[in-house]
Structures are given as C-alpha cells and as structure tokens.
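Here is what each chain is made of, one letter per residue.
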Amino acid sequence: MNCNLIQNLLSAYLDQELNSEERRELRLHLLNCAECYRQYEELMFLKNNLENLAPENLSFDVMGNLKMRINTEKHSLWHQFNHIFWPRRIGLVFVCLTVFVISSFLLFPNRKSNLGLTAQTDHSNLNQTNFDQNLTIDQSVTVFHASSVFP
Amino acid sequence: MFTFAAEKVASNTTIQDRVAIFESLVQTYEKPLFQFAYRLCGNHHEAQDLLQEALYRAYKSFAKFEPGTAFDRWLYQIIHNLYIDHYRKKKHRPQITSIDEPMMHLENEKPLEIPDWTANPEHETVRFELGEQIQKGLEELPTEYRSAVILCDIQGLSYEEISQILRCSIGTVRSRIHRGRKMLRRILLPYLKGKEAHTP
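Chains A and B supply the protein sequences, listed in that same order. Here the first sequence stands for residues 1 to 151, where the numbers follow the numbering used here. Here the second sequence stands for residues 152 to 351, where the numbers follow the numbering used here.
No lab work stands behind these hints: they were computed from the structure. A couple of the hints might just be wrong.
Stated by the list, open to error - Dumping the calculated DSS-like pairs for lysine-lysine here, alpha-carbon to alpha-carbon at most 27 Å:
(1) 215(B) x 182(B)
(2) 333(B) x 74(A)
(3) 74(A) x 287(B)
(4) 333(B) x 47(A)
(5) 211(B) x 182(B)
(6) 182(B) x 67(A)
(7) 47(A) x 182(B)
(8) 211(B) x 287(B)
All values reported here derive from a predicted model rather than from experimental measurement.
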C-alpha cells in the first residue's frame, strides 16, 4: 500500500473499521513511514478531543415541553370542533352537487325523459298564441321541436 | 430493552400506553439526542427547537414505528433530516442582522465576560474555550461531513449505524468521516497544538 491509500484509511483504522489484513498492513506501514505516522497522531489527537468534549447541559424539560405542545394542540379550537365541522362540510358538498345536477337537467332539457315537461310548456304557449287551431296536441309538440331544431 | 419497548408499541393501542412507552424512551435518550442537535446547530435555542420538533414528529408517527429498529437512531435520522431542511430554507433566506449589534471592527475591543459559576473557573474556562473552538470548527464543515463526524466521534456510533441514519453506503460514511476530520484538523490544529504547548 502506498502513502496516499494509507492516509485515506487512517480514520477507519482509528475507528476500528478495517479488517485484520488491512490493519496489519497499515500498522507495518506506520512503523516505517514518518509522514503517515504524523498524520495518524494528529487524527488520533483530534478524535480524542472530540470524544472528551464536555457535554452540553440539557437545561429544559424535554418531555414536559412536548406534552404541553400536544395538549395545546389537542385543546385548540380547530381540533376541538374539527369532528363537528367535517360532517357539515360533507353535507354542504352533497347539497351543492344535488343543486348542480337538478339545475343542469332543468336548463338543458334535451333528453327524452324531459320531453314531457317541454311538451307541457309548449302546449300552453300554443294555446296562448293560437299557433294553429287545427293541429292536435301531439302534432303541435312535434312542430315546436322541429322549429327549435330548424329556426 | 429497546426492542421490547418497540414491540409493545405495535401490540398496545391505548394512547396512555403509547405515551408512557414514548416517554420512557425519550428519558433514556434525551441527553445524547440533545448533544447531537446542539453540535449540529451550534447554539442552545436552535438545538432545543430542533429536538422539540423532532420529538413531536416522532410522537406523531410513533404508531408506525418499526419494531426492531433503534429508537435513538430513528430520532437521529429525524433530527438530521429536519436540520437539512432547515439549513436549506435558511440558505435561501436573506440574513437578518440587528442594528443594535456591535460593529465587526469594534467587537474585539469589547472584553468577553464569562460568569464564574464553578469552584475552578480556570479549568472550566479552558474546557469552555475548547468546546467553543471545536464547535466553530464543526460549523465550518459541510453538513454531511459534520453529521458523520458528530455521530462517529461524539455519539460513538459505528459506520454501519451511521450509514443507516444518513441513508448512504458504508464507503460514503468512511469517506465523509475521513474528509470531515481532515478539514477539522486543518481548522483546529493551530489551536490544539498551542493549547498542548501551554499545558505543563
């Protein structure tokens, strides 16, 4: 192994993350190479300092704060009334959809099922305007439909 | 102990039990978790907020917690991900500075006052100073290197555990730790050598 490769393995060697073969080779190299040994010492010095770093004091109640946050959320107005609002919202959406469907049927009466409604309306119109007194009711409806298609 | 607790999470459905298990796990691991958050952020307030947010999210998804996985490693992962998100947001946000803050060129003229809370203030000051220097050095590292170095050297986790937390291969962890340490050595060595020379 050359110096470059050894220096890349130094951290893993310090952390005991190399296999026995790599460890043996690295140890042999360190005995014979002053530069690699210097780097090894510097890394070990740094690692020791990091390991012996004084722990920071935990100056607050972790679980207390968490419980407080959970309770605040639980007792917030939104969470308290959310279960009441949801069925109402669903009901409102259902009513809107129903109104939409009914109004669309009334506004666009082109289906066969709506012909009866149209026929009634047309018949009254015909009577009012005296469109053609000789036509029967069914004939006048047909005439009206034809006139709506061909103006 | 942990696996036992985690299996209980899956079997018990009552909220009280869930809270009790969660609380006992938090009490076991709160100190190392705070250390990790503190070393990542560099100050108490941010570390506290980060830990609180991580615990809150962990509590919310505790029912989905996989039995057999370590609670502390799961939380390390949440803290790391939250920090990365926060860091990204912070990077795109313009930095706000107070007009009351002292000017940079005048800062050196103001003596730093450290309160004497201990029986041996000299020793505590040295420890405090070393901790500050290391923290400054850590803050100069890229986030990925910083997390890897903290988890390895301060939290004492193995490369395999770190690879699970950071979701990368062991090779990547090895390279991040090595590069992180090399950068940290370059930053800290003048200070550490100076301190060693002054020590009798």
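Holds or violated: are the alpha carbons of residue 47(A) and residue 182(B) at most 27 Å from each other?
Holds. Residue 47(A) to residue 182(B) sits at ~21 Å (cutoff 27 Å).
Agreement of residue 215(B) and residue 182(B) with the hint, judged by alpha carbon distance not exceeding 27 Å:
Holds, at about 24 Å.
Decide if the proposed pair is consistent with the structure: residue 333(B) and residue 47(A), CA atoms, cutoff 27 Å inclusive.
Holds, at roughly 11 Å.
Given the hinted pair residue 211(B) and residue 182(B), is their Cα-Cα distance within 27 Å?
21 Å, holds
Pairwise hint evaluation, residue 74(A) against residue 333(B), where the allowed Cα distance is 27 Å at most
Distance ~48 Å between residue 333(B) and residue 74(A) Cα, so the pair is violated.
Assess, step by step, whether the Cα of residue 74(A) is no farther than 27 Å from the Cα of residue 287(B), and give holds or violated.
40 Å, violated
Verify the proposed pairing of residue 211(B) with residue 287(B), using a straight-line Cα cut of 27 Å.
At roughly 34 Å apart (the allowed maximum being 27 Å), residue 287(B) and residue 211(B) break the hint.
Restraint check for residue 182(B) with residue 67(A), where alpha carbons must lie at most 27 Å apart:
Between residue 182(B) and residue 67(A) the Cα gap is close to 18 Å, so the pair holds against 27 Å.
Checked against the numbered hints above, the structure breaks hints 2, 3, 8 and satisfies the rest.
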